[in-house]
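From just these sequences and the hints, can you work out the full model?
Chains as they are written, first to last, in my numbering: chain L, 1 to 501; chain Z, 1 to 254.
These aren't lab readings, by the way, just hints derived from the structure by calculation.
Where hints are given, some of them may not hold.
Just so you have them, the derived chain Z footprint on chain L, three or more residues with Cβ under 8 Å [unchecked claim]:
id, stretch
1, 228-237
2, 272-279
3, 313-321
Which residues of chain L face chain Z? A few of them, derived with a C-beta cut under 8 Å, are [said to hold, decoys possible]:
id, residue
4, 52
5, 114
6, 115
7, 252
8, 259
If you want the ones that stay clear, here's a sample from chain L, every Cβ over 12 Å from chain Z, calculated [claimed, not checked]:
id, residue
9, 79
10, 196
11, 324
12, 423
13, 487
We put the CB at the ideal spot given by N, CA and C, even for glycine.
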Amino acid sequence: MMALERWLIELLLHFVSRDEINAFLRSPQNTATIIGCLIAVSGALLGTFLLLRGMALTSDAISHTVLLGIVVAFLLMTDVFGMAGDTSSPWLILGASLAGVGTVVLTELLYRSGLLRQDAALGLAFPLLFAIAVILVSRFAEDVHLDEDAVLVGEIGLAWANTNSHCFDNCATVTISPDHPQAKMARQCRNCRELGISPRDEGAQFVEICSNCGSYSPAQAWQAGYLQKEPLLVFFPKSITVTLVMTALSLLFVIIFYKELKLTTFDAALAKALGFRPGVMNYALMILVSLVAVGAFDAVGSILVIAFFIIPPAAAYLLTDRLAIMLLLGPLIGAAGAFFGYDLARGKFFGIIEVADIIAGVNSIFGLDLPENWDSSISASMVLMIFIIFALAWVLSPRYGLISTLIRRANQRRRFNDQVVLAHIHNHQFTDRHATELRVKTLHIHFRWTVRKMARVLARLRALGFVALVDGFAELTERGETQVHAFRSAMLEAHNMPDIE
Amino acid sequence: MNDRAPLALSVEDLTVAYHSKPAIWDIDLAVPEGVLMAIVGPNGAGKSTLIKAVLNLIPRAAGTVSFYGSPYEQARSLVGYVPQRGSVDWDFPTSVLDVVTMGLYGKLGWLRRPGRRERDLALFALEQVGLLDLVDRQISQLSGGQQQRTFLARALVQDAQIYFMDEPFAAVDAITERAIVNILHQLKERGKTVLVVHHDLQTVEDYFDWLTLLNVEIVASGPTAEVFTPENLKKTYGGTVSYLHDGQVLMAGD
Numbered sequence: 001m002m003a004l005e006r007w008l009i010e011l012l013l014h015f016v017s018r019d020e021i022n023a024f025l026r027s028p029q030n031t032a033t034i035i036g037c038l039i040a041v042s043g044a045l046l047g048t049f050l051l052l053r054g055m056a057l058t059s060d061a062i063s064h065t066v067l068l069g070i071v072v073a074f075l076l077m078t079d080v081f082g083m084a085g086d087t088s089s090p091w092l093i094l095g096a097s098l099a100g101v102g103t104v105v106l107t108e109l110l111y112r113s114g115l116l117r118q119d120a121a122l123g124l125a126f127p128l129l130f131a132i133a134v135i136l137v138s139r140f141a142e143d144v145h146l147d148e149d150a151v152l153v154g155e156i157g158l159a160w161a162n163t164n165s166h167c168f169d170n171c172a173t174v175t176i177s178p179d180h181p182q183a184k185m186a187r188q189c190r191n192c193r194e195l196g197i198s199p200r201d202e203g204a205q206f207v208e209i210c211s212n213c214g215s216y217s218p219a220q221a222w223q224a225g226y227l228q229k230e231p232l233l234v235f236f237p238k239s240i241t242v243t244l245v246m247t248a249l250s251l252l253f254v255i256i257f258y259k260e261l262k263l264t265t266f267d268a269a270l271a272k273a274l275g276f277r278p279g280v281m282n283y284a285l286m287i288l289v290s291l292v293a294v295g296a297f298d299a300v301g302s303i304l305v306i307a308f309f310i311i312p313p314a315a316a317y318l319l320t321d322r323l324a325i326m327l328l329l330g331p332l333i334g335a336a337g338a339f340f341g342y343d344l345a346r347g348k349f350f351g352i353i354e355v356a357d358i359i360a361g362v363n364s365i366f367g368l369d370l371p372e373n374w375d376s377s378i379s380a381s382m383v384l385m386i387f388i389i390f391a392l393a394w395v396l397s398p399r400y401g402l403i404s405t406l407i408r409r410a411n412q413r414r415r416f417n418d419q420v421v422l423a424h425i426h427n428h429q430f431t432d433r434h435a436t437e438l439r440v441k442t443l444h445i446h447f448r449w450t451v452r453k454m455a456r457v458l459a460r461l462r463a464l465g466f467v468a469l470v471d472g473f474a475e476l477t478e479r480g481e482t483q484v485h486a487f488r489s490a491m492l493e494a495h496n497m498p499d500i501e
Numbered sequence: 001m002n003d004r005a006p007l008a009l010s011v012e013d014l015t016v017a018y019h020s021k022p023a024i025w026d027i028d029l030a031v032p033e034g035v036l037m038a039i040v041g042p043n044g045a046g047k048s049t050l051i052k053a054v055l056n057l058i059p060r061a062a063g064t065v066s067f068y069g070s071p072y073e074q075a076r077s078l079v080g081y082v083p084q085r086g087s088v089d090w091d092f093p094t095s096v097l098d099v100v101t102m103g104l105y106g107k108l109g110w111l112r113r114p115g116r117r118e119r120d121l122a123l124f125a126l127e128q129v130g131l132l133d134l135v136d137r138q139i140s141q142l143s144g145g146q147q148q149r150t151f152l153a154r155a156l157v158q159d160a161q162i163y164f165m166d167e168p169f170a171a172v173d174a175i176t177e178r179a180i181v182n183i184l185h186q187l188k189e190r191g192k193t194v195l196v197v198h199h200d201l202q203t204v205e206d207y208f209d210w211l212t213l214l215n216v217e218i219v220a221s222g223p224t225a226e227v228f229t230p231e232n233l234k235k236t237y238g239g240t241v242s243y244l245h246d247g248q249v250l251m252a253g254d
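Pasting the structure below:
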């Protein structure tokens, strides 16, 4: 992780100065936006396949159960192996991905027992693991910052503050030992508490304690004032590294195994028959979902993760019917949602409208006194913004959108009405029932339509030049005749494809 | 059939159970090369189960299966499979050409991408099933018959020796049915072996020269002319079947 960050910073230093990097990353907005976008990109890439496999809820389950993996790994690290409790340690990530896979295995076992359906098995497995995790947190890890708020919506707004420092020049590490001139020594009574006496009492024994001994990284040493020259430092938020790695892994996975993912998702039986391993692909996908869920856990908590996985691909699905394009659009939509979501949390809607102005307007219209300053949860705002983009796609999508569907249906209805009338005239003109069937005044009765609807359809057909009115009777024109033949043969063709012999 | 023809498929003592209830029971089957074989039986007789177990898609409780004398793992490239149309999600965001190309993934193996050669092979197969006009169509916009022919084209590109088709005639239009029959006969002419799960007793004699009657156990298997008898059908369907034979209605049963 550290090496990767260093490499990244060195790369960046070719283009921008150290101060610019630090200033950029110290802004909560920049850091939160980068992390949000990375989660959205990796989530949408994997979520596309979850969505198409009908496993949308699995991402929700996994985002909850990774907590168990994190907690168990944390307890093992600190209590069993005596390591420092670092919440972005690779061990926690390993534990979390094991928990994610464990969820899927447990669900599968419950399902295979034949006693539960798939959804019920999932609904049973993940609350169980999550409950165990919550109990472990509250019982053993209270001092860790795994509080309910963090689990609920994450701390993406604070991600900028949790950094690794990287030193590029004047990188002196300082070790203060008790004989160091700057060591702060103090005498402390060794046995006072034991004997219940004060240090002034007789029999008190003293030890020399060094209060500032230890080794200092360049950043710490500079801050404590042990260095003459300021080291050249870059502070890199840990969450960016974690989410960046997750995104890179997801991207590599989808690019390298695109063909295999597509086949196992579309037709697992054929995939198996051809010698691909749908089971292996499924677990590989679940491991990656778990990894992304861990990265996302710190930033957006357990509950909102599913939105980053599922809503962007669902929106992309409305806009395209090609998998490759869906895999491009999904991450774009997610990233846009995360980007504008930060703005929304700070009171700006798509960077143009101030939410405060809206509230002020509502206040003045309804005489209310709602607080006008707007500062809300970043992760929740990002999800809301992703959803707004989804809603836009849902309404406006050229092919599957609400508006185009309504227009298409209206057109279909109109065309169908036209054809019904044309066919009726075609069937009855030049027959002996012509007088009863085709009189314009009574035509509507035959279709059980209202007079107004009949008049509307007839007017349209006359305007199109398909129908003429002769002595109060409807009659097909030559164009109308051709039209009837055209849609009749089209109808037949829809059932029968061109001959193949 | 020539007795010296090699066996395309040999199944011995195959049993499959779902939750300890046998779905197919002690199946012995010897299918010579180059036959068009129908697998016929009532609902729940285990017809699809038989195909899936033969192809290792579901676990076998017992038995051995060999293709030209080799187990499935070594004979994969000899085998083409057309699953039931309803087994996949036709809303999947992909095109007809793409689905047909999937039939070539097995030959490509892991990681290698389909290229121009694969595209040409897929287009050729689509031409054979009469879908050349629809190659770029999103698969959800196909009719049932067109979907079935897409699956058929996907099996054709596999260029297998022995094909398994799970109810290809289910709910398709007359044109598609004729297209499938044509392709079955082309396959037979090229010396391929085809096993088809079939439902329509009226067409068994016209379409297939080999027949297996199945109802959990094998009732009879062999040339259609020998197997397709009222007695065998009665044994298979338990006396509830009627079918058309040479324009007459025969009742196989009471």
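The hints, checked one at a time:
no., hint, in the structure
1, 228-237, "violated (count 0)"
2, 272-279, "holds (count 5)"
3, 313-321, "holds (count 3)"
4, 52, "6 Å, holds"
5, 114, "5 Å, holds"
6, 115, "10 Å, violated"
7, 252, "12 Å, violated"
8, 259, "6 Å, holds"
9, 79, "42 Å, holds"
10, 196, "72 Å, holds"
11, 324, "9 Å, violated"
12, 423, "23 Å, holds"
13, 487, "18 Å, holds"
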